[in-house]
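**Q** Chain by chain, the residues run as shown.
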Amino acid sequence: MAIIVERKRLSFWERLYLPQIVSGLFITFKNIFKPRVTLEYPDQSPVLPVGYRGAPTLVKDSEGREKCVSCQLCEFVCPSKAIRVTPGEISPDCEYSYIEKAPKDFKIDMLRCIFCGLCQEACPENAIVLQNEFSINGYSRGDFVRHKCDLYAAGGVMPDKIMKWKKVRDNAELGGNR
Amino acid sequence: MDKKTVKVNINGADYEVEAGRNVLETCRSVGIEIPHFCYHPDLKVAGSCRMCLVYTGMPARDRATGELLKKEDGSFEIAWMPKPAIACGTNVAENMHIITDSEAVRDCRRSVLEFILLNHPLDCPICDKAGECRLQEYAHAYGREESRYVENKNVKPKKTEVAGKIMLDAERCIQCSRCIRFCNEFIGRSIFGFTKRGSKTEIAVYPEADNDSNYLLNVVDGCPVGALTEKAFRFKMRTWFLKAVDGICAESSAGVNTRVWSREGRIYRITPRENSAVNQTWMSDSGRYVFERFNSENRLSRARIDSSPCELSYAVDRCVEILKLGSVAVVANAWQTLEEQYAAGELAKACGARIFMASHLGEDDGKLVSADRTPNMRGAFLTGLVDSYPGGDLSELAGLVRSGAVKTVLCLRENLRALGFEAKDFKSANIIYCGALENETSASAKVCVPLRSEFEKRGLWVNRQFRVQKFERAVEPPRETIDDLEFLMALLRDFTNASFSIPSVGDVRRVIASKIPQLKDCWNVGPEGLQIDGSAFAEIDFPETDAMHFYKNQHACSKE
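Chains as they are written, first to last, in my numbering: chain A, 3 to 180; chain B, 135 to 694.
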């Protein structure tokens, strides 16, 4: 059922029209001289807060070692199924062959990613980190699928306080608790 | 035979349970799970992990008279053991009282886990066992949150290859000795052993040239942690992505119960499924890789008429046309399910065709790989496709083709070229090849129909014990293939110009149940299978020899 809303009758002062224009322009001029609140994007980039969740990236530790061991927990936890890991074995002549496992390929489909950060939360090695990149573009669907090399290039180095694998190696070299 | 029972009291509740079993199995039978690492129902008790500690007690007796002491309310006065006992090594007794969930028991578990985890490497992110690891599960359920251990962990060999198919990581080992016991008891040979002492104890392999056995990979399934991992499955896929479907091993007529683990249409591994009447918890290593032959590029993936690819429906129509030319022979096989064999029999009856079969024999190892390397030869006897054990080739059929008595051969799955047919025979007869794989026969057959592998369909197989066992579809079939049963039924319908809708597997099962007296219950086969009476075939000389849960003339005697 339609409800007819009675419109309030305007007073004489309101019907004069010009005072309203003047008071509106007053607000305009008042704000012209105030500091700007909008940002000239993309010429200016915003200051992102700490803990901002941008595009997920893969990071290396301070030794330059790739941290990901392809445990695939991020793939499992990802609610939009954006992550696809192909696990692989580290070749025996590599310095880090004692870690045994590393991703052969690591794909993130940025069209599917919803920046929820669950991958970062699930990662037992702190290898996947959501960093500051938020503007993601491309010309085809394929452009939005980031492979392992793209993810490492975007991720850079993230210092690690624990250095779990270095401890394992040092312990093995010392012979451990013998 | 009546089983003897005893009364026990578990956590304050009274139960009537089977006598002579240990506390762990007894508690499991009433639904109380006791955590354990080293105990395995099919191996001897070792009692080395101490994870299954429980408190037990017996009714107290008066020292002077020997009378049972009772409380005022009539219940027994219990003399509790001062220290906990291992549930796997303690048998139940009349009026035994057991406590599995007190604070003291939880403290035992927490402390045992702390000892086990002292030197455990905690490399779950790279460990293939993660997700199905008992240590992981129990650490979550009963363990401490943080380690109090500040010293360096013990270092042990991390990558030892065993017989080319297992990777041994001694650091992850918790010294449960299941692998040692399995090799000693089942394989009958020592392959693994402990060296060193105390916390330095290591699992090691005997330094002999031949540590291989066709049953070695069972130690991987048995290992409660990730110390022994399968090389073929190493770093392929995490277990939590895999979906397990009940299967039956197609390797031989032993009919080993399996689980087929797949993700997104790809099979990653096959593991044994417990069936105490067939394979216990074991399976052969060779049976674990039967899926690989269908992963190959050798797959027949499109229908062909005269070697040119065509639509599936055209190929089926062409088959019907060729069958109508007459003088037909049907080559059935023992990889077909019971339902398909029945359908093949009906089709042969309609065409007036004779059915030929070939046996595929190998060496019988007396365990879980039998001489008959097909899973369903008993089914062919039950459905009446054959009445005597078929020979190893089809030379009789080849002779009939050469003499012109047979003009059309509907060949299901078998490779005729390997069974006595020559290249020129393919010219003198119309040969229809239906199967999942390409071979010499498919290369020169008139019509090729792509069928499905045993992982892409469901059905029943009858193993050497005359046990009907069902398997389910593990993966989606390739698009251009047709289900074997659907194909045979379509041929039958079009050949007889009948109009019935293609029956499902379940429909055919019901028809079989109504027509074949031994199989009257086959429409309702549980996951553990259905033992049927095979005494009607006692005269037939089956090639299998005595093996696990199987005696050569078992079907002639009364059922066990």
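Please keep in mind that the hints were generated in silico from the structure rather than gathered at the bench. Please note that the accuracy of each hint is not assured.
Stated by the list, open to error - Using 25 Å as the maximum straight-line C-alpha spacing, the simulated SDA-like pairs for lysine to any residue come out as follows:
id, chain 1, residue 1, chain 2, residue 2
1, A, K62, B, S635
2, A, K168, B, N143
3, B, K483, B, N549
4, B, K370, B, K483
5, A, K168, B, M301
6, B, K377, A, D107
7, A, K163, A, E175
8, B, K377, B, G660
9, B, K365, A, K62
10, A, K103, B, Y423
11, A, K83, B, E336
12, A, K150, A, A174
13, A, K109, B, Y423
14, A, K83, B, F634
15, A, K106, B, K287
16, B, K654, B, F629
17, B, K501, B, A647
18, A, K106, B, S281
19, A, K103, B, N549
20, A, K166, B, E408
21, A, K103, B, S635
22, A, K109, B, E279
23, B, K292, A, G66
24, B, K287, A, K150
25, B, K299, A, K169
26, A, K168, B, E398
27, B, K299, A, K150
28, A, K166, B, P612
29, A, K109, B, R397
30, A, K103, B, S537
31, B, K365, A, T88
32, A, K103, B, G660
33, A, K169, B, E319
34, B, K377, A, L50
35, B, K370, A, E175
36, B, K370, A, S99
37, B, K293, A, D107
38, B, K654, B, F634
39, B, K299, B, E319
40, B, K334, A, W167
**Q** Could you run down the list of hints and mark each one as holding or not?
**A** Status of the hints after comparison with the structure:
no. : hint            : in the structure
1   : A/K62 x B/S635  : violated (61 Å)
2   : A/K168 x B/N143 : violated (52 Å)
3   : B/K483 x B/N549 : holds (23 Å)
4   : B/K370 x B/K483 : violated (48 Å)
5   : A/K168 x B/M301 : holds (23 Å)
6   : B/K377 x A/D107 : holds (23 Å)
7   : A/K163 x A/E175 : holds (21 Å)
8   : B/K377 x B/G660 : holds (20 Å)
9   : B/K365 x A/K62  : violated (28 Å)
10  : A/K103 x B/Y423 : holds (24 Å)
11  : A/K83 x B/E336  : violated (41 Å)
12  : A/K150 x A/A174 : violated (30 Å)
13  : A/K109 x B/Y423 : violated (29 Å)
14  : A/K83 x B/F634  : violated (44 Å)
15  : A/K106 x B/K287 : violated (30 Å)
16  : B/K654 x B/F629 : violated (28 Å)
17  : B/K501 x B/A647 : violated (31 Å)
18  : A/K106 x B/S281 : violated (33 Å)
19  : A/K103 x B/N549 : violated (42 Å)
20  : A/K166 x B/E408 : violated (39 Å)
21  : A/K103 x B/S635 : violated (53 Å)
22  : A/K109 x B/E279 : violated (33 Å)
23  : B/K292 x A/G66  : holds (24 Å)
24  : B/K287 x A/K150 : violated (33 Å)
25  : B/K299 x A/K169 : violated (30 Å)
26  : A/K168 x B/E398 : violated (36 Å)
27  : B/K299 x A/K150 : violated (30 Å)
28  : A/K166 x B/P612 : violated (45 Å)
29  : A/K109 x B/R397 : holds (18 Å)
30  : A/K103 x B/S537 : violated (63 Å)
31  : B/K365 x A/T88  : holds (17 Å)
32  : A/K103 x B/G660 : violated (41 Å)
33  : A/K169 x B/E319 : violated (40 Å)
34  : B/K377 x A/L50  : violated (42 Å)
35  : B/K370 x A/E175 : violated (29 Å)
36  : B/K370 x A/S99  : holds (17 Å)
37  : B/K293 x A/D107 : holds (24 Å)
38  : B/K654 x B/F634 : holds (24 Å)
39  : B/K299 x B/E319 : holds (20 Å)
40  : B/K334 x A/W167 : holds (22 Å)
Hint check: violations occur at hints 1, 2, 4, 9, 11, 12, 13, 14, 15, 16, 17, 18, 19, 20, 21, 22, 24, 25, 26, 27, 28, 30, 32, 33, 34, 35; the rest are consistent with the structure.
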